[in-house]
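J.: Sequence order for the protein chains is A and B. Whatever position you read off the first sequence (first residue = 1), add 3 for my numbering. Whatever position you read off the second sequence (first residue = 1), add 71 for my numbering.
For the record, the hints were derived by calculation from the structure and aren't laboratory data. Computed from a predicted structure; not experimentally measured. Cβ atoms here follow ideal geometry from the backbone N, Cα and C, with glycine treated the same way. There could be a bad hint or two in this list.
[To be verified] Quick list of the computed label-pair ranges, beta carbon to beta carbon:
no.	chain 1	residue 1	chain 2	residue 2	range
1	B	N93	A	L105	49 to 57 Å
2	A	L184	B	V140	45 to 53 Å
3	A	L160	B	T171	21 to 29 Å
4	A	L184	B	A129	20 to 28 Å
5	A	E63	B	G131	29 to 37 Å
6	A	N21	B	T116	19 to 27 Å
7	B	V140	A	L131	40 to 48 Å
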Amino acid sequence: MKKLTKENIQFIDTYLKNFDVIFFDIRIEMTDHVASEIEAKMSRGDARDFYDIFKSYMVEHKKGLLKNLNKFKWQATKKAFKQIFINSYHPKTLFFTVVSMLCLFWGWNFLEFSVGYSVNFSVSLLMLTLFMILMTVLKKKVKFSVLHELISITLILNYSLFHYLLDSSFMQTWSLVCVTLVVWFNVSCIKSILDLKLHYKKQLLI
Amino acid sequence: MAAPGLYKGSLTTIILKLLNENGKMYGYEITQKAKLISNEKLKITEGALYPALHKLEADGLLEAEMKTVDNRMRKYYKLTEKGTKETAHKVSELEEFIETLQAILNPKPSIS
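Modelling step: build the complete structure from the supplied sequences, incorporating the hints.
T.: Here's what the structure looks like:
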């Protein structure tokens, strides 16, 4: 069986990246599929060089290969939500939520903030910290589908909470409940992100 | 060759059955095996296969393993315990469906 070189594989990978297959975990499967098909053609006696076979393969199959990118993205989003939900009742999440709230209470008392000021200050600080950490992860060159969607969900929901909830009368009346829910949600997201990073590291041997 | 739409609803069952019989397989291997067994009548496109595989993985019926093969990474799929049980259920569902269709298409004459 004819085998493609590292340069051939890199060529396929770069081609797919240039066609918006930005997620590494999706791209490696597509690269393998395309490479396997080209190798099979070469083994069946196709005498053309790699680039000619690749060109004619992509003319025939590019539409099908790229057609389902949105489906992949939607499945990644669903997996991300599922991960957050499952982790929301994990003992570690509940433990760290309680620890975070106790630290916040201690902080409020130590700094002698009023409840209203404490709530706004804590929530703003939490979101800013989370925002900076998540943007650092998002900016990494290698992107993974479910991790990317999970981080996007965390950022969007935190931004919405920050924008709509912080000054609302609901927040003033139910401040401690709101802060607890925000902390609980974010702890669940952070646990999900860490679990996924570990999963990708283990599965993709990186 | 049957219209591709007729196979659409059975793709999950076909994938589960192939993995049940062959252990660990990667995506391209699944398409080639289906083509071989069906005498080239069933051609699973990559556009149909990979979303189905990812959904089965997300549902916990398959687990994946990465290996470095021939200068690239390859994702192998195999059935989980839940997947093995579900395969038997899906196969019997499809067999029942085929029997029903056969009864409609080739009705046995009734003696009245």
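J.: Are the hints correct? Go through all of them and say.
T.: Quick rundown of the hints versus the structure:
1. Between N93(B) and L105(A) the C-beta distance comes to about 54 Å, which sits within the given range of 49 to 57 Å.
2. Our hint of 45 to 53 Å for L184(A) and V140(B) holds, since their Cβ atoms are close to 47 Å apart.
3. Range check, L160(A) to T171(B): about 47 Å between beta-carbon atoms, so the 21 to 29 Å window is missed.
4. In this structure the supplied range 20 to 28 Å holds for L184(A) paired with A129(B), their Cβ-Cβ distance being about 27 Å.
5. E63(A) and G131(B) have their C-beta atoms about 34 Å apart, which keeps the hinted 29 to 37 Å range intact.
6. Distance hint for N21(A) and T116(B): a CB-CB separation of about 22 Å, consistent with the stated range 19 to 27 Å.
7. The hinted range of 40 to 48 Å is satisfied by V140(B) and L131(A), whose Cβ atoms lie roughly 45 Å apart.
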